[in-house]
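S.K.: Keeping the supplied structure of chain A fixed, place chains B and C upon it in accordance with the hints.
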Amino acid sequence: MDKQFITRGVQRCSTGKFLSWMLPWAVLLAFGLLSAGLCLIKGLNQTNMDNRFAFGLWIFLDLTVIALGAGAFFTGFLLYILKVKELRAVINSAVVIGLVCYSGAVCVLAVDVGQPLRAWFTFWYPNVHSMLTEVTFCISCYLTVLMIEYLPIVLKNRQLREVPSFLLFEHELHKLVYVLAGVGTFLSFFHQGSLGGLYGVLRGRPFAFREGLAVWPSTFFLFILSAAAVGPSFILLTTWLVEKISRKRLVRPEVFRLLGRISGLLLAVYTLAKSVDTLIWINRTSPESGFAAWQYYSWKPFGTWILFAEIVLFGLLPALILLTPRLRLHTGWLVSAAALACFGVALNRFVMTVQTLALPTLSFDPFLSYFPSWQEVGTFLAVVAYGVLVYSFSFRYFNLFPEERELKLQMAAQEEEAALAGRY
Amino acid sequence: MLPWNYGFEWNAAHIIFLGAFYTVLVVVATTVVSALIRARRDLGAKETEAIRWHSDFEELPVSDRVCRHVLTGEFRERTCPNAFDCRHCETHGKWIEHHPMAQHPEFEEDVLGMAFPLDRFYHRGHTWARPEEDGTVTVGIDELGERLLGVPDAVELPAPGARIQTNGTAFRVHKRDADVRILSPVDGEVIETGGPGRGWYLRVKPDATGEPAFRHLLRGAEVKAWLNREMERLQLALVSEGAAPTLADGGVPVDDIAASYPEADWDAVCGEMFLE
Amino acid sequence: MKRYGMSIDLDRCNGCGACMVACAVENNIPATPENSNDRKGITWIRVYKIDNKEQFPDRRSAFVPVLCQQCGHETPCVHVCPQQAVDVDPATGIVGQMPERCLGCRYCMAACPYHARYFNWWDPKWPAGMEKALNPDVAPRMRGVVEKCNFCHGRWHAAKERAAIAGKREIDPADYVPACVEACPTGALRFGDLNDPAVEVARDAKTPESFRLLEKLGTEPKIYYRSEREWVREIANAPRPGKENVRG
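Chains as they are written, first to last, in this note's numbering: chain A, 1 to 424; chain B, 1 to 276; chain C, 1 to 248.
Chain A on its own, in the form it takes in the complex (with noise of 0.2 Å):
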């Protein structure tokens, strides 16, 4: 029925199929913008946030999904600024997954501040001197660079493209996607660094709290490589469910394999580099705040356990799975210490945000706890919904994965000589 609008050569489900796929994400979706919208218009008190819970789900699950969503700048910047050929297979896809984990993060950011209708404050008087203006600035501006790039991948839609003002524009904008990447890779390398930096100034928070280089501290640093780490897992991650959910095949194993090896290189460095860090604040940085970092961990249910668990579990042990050339030959070992990597991920942003919030900072306080309300929640659910039906929209009607066309002739080809074997 909407043939036409798919790319030649690939085959689709039929739209009946497609629709039955999206009805219960749009009924999530629905679902979650109802509470977004009963916190808009009630207020947060919707939410189980409060005075010494500032921060909660949300705040934690943007800065996952921002970690997650690096794969576009980095898969951007090692293909077009570093050339590496190969990751032309998923270049597409990751600048979907990018702009759509960045455009959820900013709605849930819009409706977890107290006065959205404000936010073009931090844009006419900003403070230099805090983090999240820098955060402010740069994700917005990131924003409108990964929709210029999801612009090609529109416009390259089979019935779009026969439009030769669509067309050539595209060519034109591709000729210099270059420069976009460039400014992608610089704006990102900020506000990723500018997220961890947020902790540079929380004197208040010990727990959190690091030093660092001049107005960086090394959580600044952190991030960013955890996010360089983490994105092209999260590609392969979402690559292989796609590959899985469509029954098709997308990229080749080679494109996997490098993916693999790039996070794991880039993983093993951030769990050095944490490693440091972690030791440099137990034995300095913590005790000259007055506080002992080994108390922090004996309020349950954060034992040293989560410490652990981030650092070796999910940091050590997928890098050490990923840069082994003979575990990176099998998807299984691949896909499973990618999933561990985003995990560590998302744990390490839950940590410094929950568990930093968790923590008493006065004698007198209790160790506290935080569980997310129903709007909370389907607010972020709203986000997830909002993505796989963008992600899947661009799947069906533009050409995420240019590599499919090829392998399914390679398939074909397979097929052919283990015909004619048979006969023979």
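Accuracy of the hints is not assured; some may be wrong.
Unchecked claim - Pairwise CB distance ranges, derived in the manner of DEER restraints:
1. A/313 / B/177: 50 to 60 Å
2. A/313 / B/78: 50 to 60 Å
3. B/78 / A/161: 27 to 37 Å
4. A/17 / B/5: 47 to 57 Å
Claimed, not checked - Lysine to any residue pairs mimicking SDA-like chemistry, simulated, CA-CA at most 25 Å apart:
5. B/224 / B/72
6. B/175 / B/262
7. C/49 / C/17
8. A/156 / B/72
9. B/205 / B/47
10. C/216 / A/216
11. A/300 / C/52
12. B/46 / B/212
13. B/224 / A/117
14. A/85 / B/46
15. B/94 / B/66
16. A/42 / C/32
No wet-lab data here; the hints were simulated from the structure.
Think of the CB as a built atom: it goes at the ideal place given N, C-alpha and C, for glycine as much as any other residue.
M.R.: For chains B and C alone, kept in the frame of chain A given last:
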């Protein structure tokens, strides 16, 4: 944000921060605007067809982009760097200087049961161009192409007076779910249009005449080698687009191939064969 | 150049909470809806109860009023606000909050180690009849912004007006007293200019029993607490998990 705002000071932090921000904005805006301007310019210079063909060419699988000399076995391995426009290819120019093509005495070449007359030149997108005595060029679809399309459901021909470019769109054909653009073998102005029943599709007044104008088209001994490869490609396309695996071991394609493969994605097969 | 601060005598505070009530009335603090918990209410000054963790008959308690500590060095909330909605007034040393500019991002609340900042989770609403008790000199805040103690800024403005009318350059210290200090029945709260050696508060700040909360963080708060009891002075330090702190 701006010097007169509350809290703004002319210090290093403000200058670096806001400087970086404005620079990024300017760079991004410049990129988009210059892409728009260039696109406008391309539109005016009628570069659409050339750019479309280059874009389509890049998306062909590597195996489909082999140099014509690989087809004939003269080269072992070479991917065409000129989007099949051999007129500007140095390598091709040098090769035919030293290895002029032998003339075949037969009037017609019978390749796999299909007629490929030697009085015309063949485009890799399965069109042919025949120079006439009055200086015009006739353009048609070759026999394999005609068998692929059978009797077309619809044809969109350009109006007389329209310009066509080599490797650009000559006309469009519809068959079943296929909607393909047929590539033009020559540059020129359309004088007259034909149709499926008339054996030819376009009569064109070419921009250039003589041998160099047709340098990029296949002729003579190249045709058979190319056709064999094309049959392999067709076979592969049929299998990958949903036809049951068949073994083309010397069979002749029927008059209406589409009818024999009702379950195949005919649009994809035609797209593959007509190089769209 | 004034540096307004407070000296709080923890040996005198009996936990009556008059300061909390006076603050709420003076500053038009909205009532917190019934179904909320105590972590969502706005209490610019809040009295905590501490004890010496001993068993009967050695158990002793004390009460600690905590308000914005008016940090003087690398003020965390000033540093982190993306819109410059918080600043330190160089003339008074008071950390001021502009609710009209506040975006409600709550970064300052995460940054404040003293938990002295409060968010308007609801639209401000007063039960019927209570609006008659509103203070006309203080603007109420809207939903979605952060607020905190500002040493009753309205009273400082009133004191300056009175001084201007009387033709004086400096305000009369007796004219400018925050509501909590005024209301305290035991005189545990004392307010004044820390730079002025003649003022009681400045002298109190220098005694050996004086301490400030979490001094090692380096925020230089201007609220000095004092107590003759050693175990009370311990609260200045970082929390150590005792059995009661551990959940489960």
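S.K.: Take the hints in turn and mark each one as holding or not.
M.R.: We went through each hint and held it up to the structure:
1. For residue 313 of chain A and residue 177 of chain B, the Cβ-Cβ distance of about 52 Å falls inside the hinted range of 50 to 60 Å, so the restraint holds.
2. A hinted range of 50 to 60 Å for the beta carbons of residue 313 of chain A and residue 78 of chain B is consistent with their spacing of about 52 Å.
3. The hinted range of 27 to 37 Å is satisfied by residue 78 of chain B and residue 161 of chain A, whose Cβ atoms lie roughly 29 Å apart.
4. Look at residue 17 of chain A against residue 5 of chain B: about 55 Å separates their beta carbons, and that is inside 47 to 57 Å.
5. Only pairs whose Cα atoms come within 25 Å are accepted, and residue 224 of chain B paired with residue 72 of chain B is accepted, the gap being roughly 9 Å.
6. Annotation: proposed proximity of residue 175 of chain B to residue 262 of chain B holds, straight-line Cα distance about 12 Å (limit 25 Å).
7. With a C-alpha separation of about 11 Å, the suggested pair residue 49 of chain C and residue 17 of chain C falls inside the 25 Å cut-off, and the hint holds.
8. Under the criterion of a C-alpha separation no larger than 25 Å, the hint pairing residue 156 of chain A with residue 72 of chain B is inconsistent with the structure, at around 35 Å.
9. For the suggested pair residue 205 of chain B and residue 47 of chain B, the alpha carbons sit about 20 Å apart, so the restraint of at most 25 Å is met.
10. Distance restraint check for residue 216 of chain C and residue 216 of chain A: the Cα-Cα separation of roughly 21 Å lies within the 25 Å cut-off, and the hinted pair is therefore satisfied.
11. At roughly 23 Å between alpha-carbon atoms, residue 300 of chain A and residue 52 of chain C fall within 25 Å of each other, so this suggested pair holds.
12. For the given pair, residue 46 of chain B sits about 23 Å from residue 212 of chain B by alpha-carbon distance, which is consistent with the 25 Å threshold.
13. Our distance criterion of 25 Å between C-alpha atoms is broken by residue 224 of chain B and residue 117 of chain A, whose separation comes to about 71 Å.
14. A hinted pair counts as satisfied when its Cα atoms are at most 25 Å apart, and residue 85 of chain A with residue 46 of chain B does not qualify at roughly 31 Å.
15. With a C-alpha separation of about 18 Å, the suggested pairing of residue 94 of chain B with residue 66 of chain B holds against the 25 Å cut-off.
16. Between residue 42 of chain A and residue 32 of chain C the alpha-carbon distance is near 15 Å, which keeps this suggested pair within the 25 Å criterion.
In this structure, the hints that do not hold are numbers 8, 13, 14, in rising order.
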